[in-house]
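Student: Here is what each chain is made of, one letter per residue.
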Amino acid sequence: MTQLTLDQLEIGSIAVVRRLNAGGAIRDRLMDMGLLPGTLVLAEFRSPLGDPVAYRIRGALIALRRSQAREVEIDLSEGARE
Amino acid sequence: MTAQTVKLCETCPAYDASALKRLGVKVGAANYVVALAGNPNTGKSTIFNALTGLRQHVGNWPGKTVARAEGGYDFNDRQYKLIDLPGTYSLLSTSVDEEIARDFILFGKPDVTIVVVDSTRLERNLNLTLQILEITDRVVVALNLIDEAQRHGIQVDARHLSRRLGVPVIPMAARRLQGIPELLQAVEQVAKGLYTTRPHRVHQFGAKLERALNGLIAQIEQEYPGLPNARWVALRLLDADASIEQAIRDHRLGELNRDIEAASTEKAAPAEVVA
Ligand SMILES: Nc1nc2c(ncn2[C@@H]2O[C@H](COP(=O)(O)OP(=O)(O)OP(=O)(O)O)[C@@H](O)[C@H]2O)c(=O)[nH]1
Ligand SMILES: [Mg+2]
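Each protein sequence line maps, in turn, to chains L and E.
Heads up: the first sequence begins at 129 in my numbering, then just goes up one per residue.
Heads up: the second sequence begins at 144 in my numbering, then just goes up one per residue.
Keep in mind that the hints were calculated from the coordinates and are not lab data.
Hints may be right or wrong, so weigh each one.
Stated by the list, open to error - Facing chain E, from chain L, some residues (calculated, C-beta under 8 Å):
1. Gly152
2. Ala153
3. Arg157
4. Gly162
Unchecked claim - Calculated from the model, a selection of chain L residues having no Cβ within reach of chain E, i.e. all distances over 12 Å:
5. Val145
6. Ser175
7. Leu189
8. Arg194
9. Asp203
Think of the CB as a built atom: it goes at the ideal place given N, C-alpha and C, for glycine as much as any other residue.
Using the sequences and the accompanying hints, generate a full structural model.
Tutor: Okay, here's the thing in structure tokens:
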């Protein structure tokens, strides 16, 4: 099975961050947004053009581009589908 | 929202009705420059408006303040120039409008930085708070939105937080003007050096890294005499921060510094300390 990344998370679903693949500035940005291993993320809604997507992360709504979300490996959170 | 009394808490012992004068944009020679920093949507502009009497746009969607706004107030016969900054999550990985905030916090030489935090999202907000405590000890934390926190059943132990962070922490509900007198006092005390802060710092560097840092700092200071926070810049260089590298390469770091100084330091000679 291939590793799921955050850009593949369906709207309304919750996942747990497994690891960050990016390095450098993108990694810093993702961590500053609160995305650390173990963090719960909910995909809330998609912008009209499909990119970016708004995620609920540690209480705030954060818009991430697909190129950023792709760098975040996730595990689906059991029974967390809404 | 229903009408509210727009009076500061007159029954509070700390509050002296004559102590605050809102100066609007009329701040010429201020004694102190105070910056309002914090994550997006934490109430910075609400506090700015309460203190200056101005009407900086207040919104309930992040990213409302996109450029910095300046205003002033007078408290106990000292003039303060207040700078309202755009919201930012971090000093490290900034977007374009976050850069305005980062640059002022780092290079604008504020006498005091008020970090406005959302008490319902404390964990997220402490990231920026700790980063700011790394570079300055003149910080007051405004623990805002405590009314919201209470509504959600969240209680924050402000005293404990203050002990841990080493700076004053003032619980506030800025929209109801709660905590404003206490904030004014804390800012005054830190500005005058009457409150000795002991900022919590995360890093303990080894001797090898310190040597590398000091070497870089010397070079930066030679290139940019008087640049505040050369140590922070050196750390970013060691971390291969491409935006800082570029800023140094095209001499923007120095420009930026001069630019900000021209805007913020028509302030009078520092006031003598009156206890
Ligand atoms: N309940 C409550 N709401 C507040 C409080 N302070 C500010 N607000 C509201 O929070 C929202 C954001 O306030 P702003 O002052 O615009 O926040 P800001 O930090 O300047 O936002 P940016 O400039 O976007 O970073 C507004 O709807 C305010 O009315 C408070 O103490 N309690
Ligand atoms: Mg604002």
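Student: Does each hint fit the structure? Answer for all of them.
Tutor: Hints versus structure:
| no. | hint | in the structure |
| --- | --- | --- |
| 1 | Gly152 | 7 Å, holds |
| 2 | Ala153 | 6 Å, holds |
| 3 | Arg157 | 4 Å, holds |
| 4 | Gly162 | 5 Å, holds |
| 5 | Val145 | 15 Å, holds |
| 6 | Ser175 | 14 Å, holds |
| 7 | Leu189 | 8 Å, violated |
| 8 | Arg194 | 17 Å, holds |
| 9 | Asp203 | 21 Å, holds |
Comparing the model with each earlier hint shows a violation of hint 7 alone; every other hint is respected.
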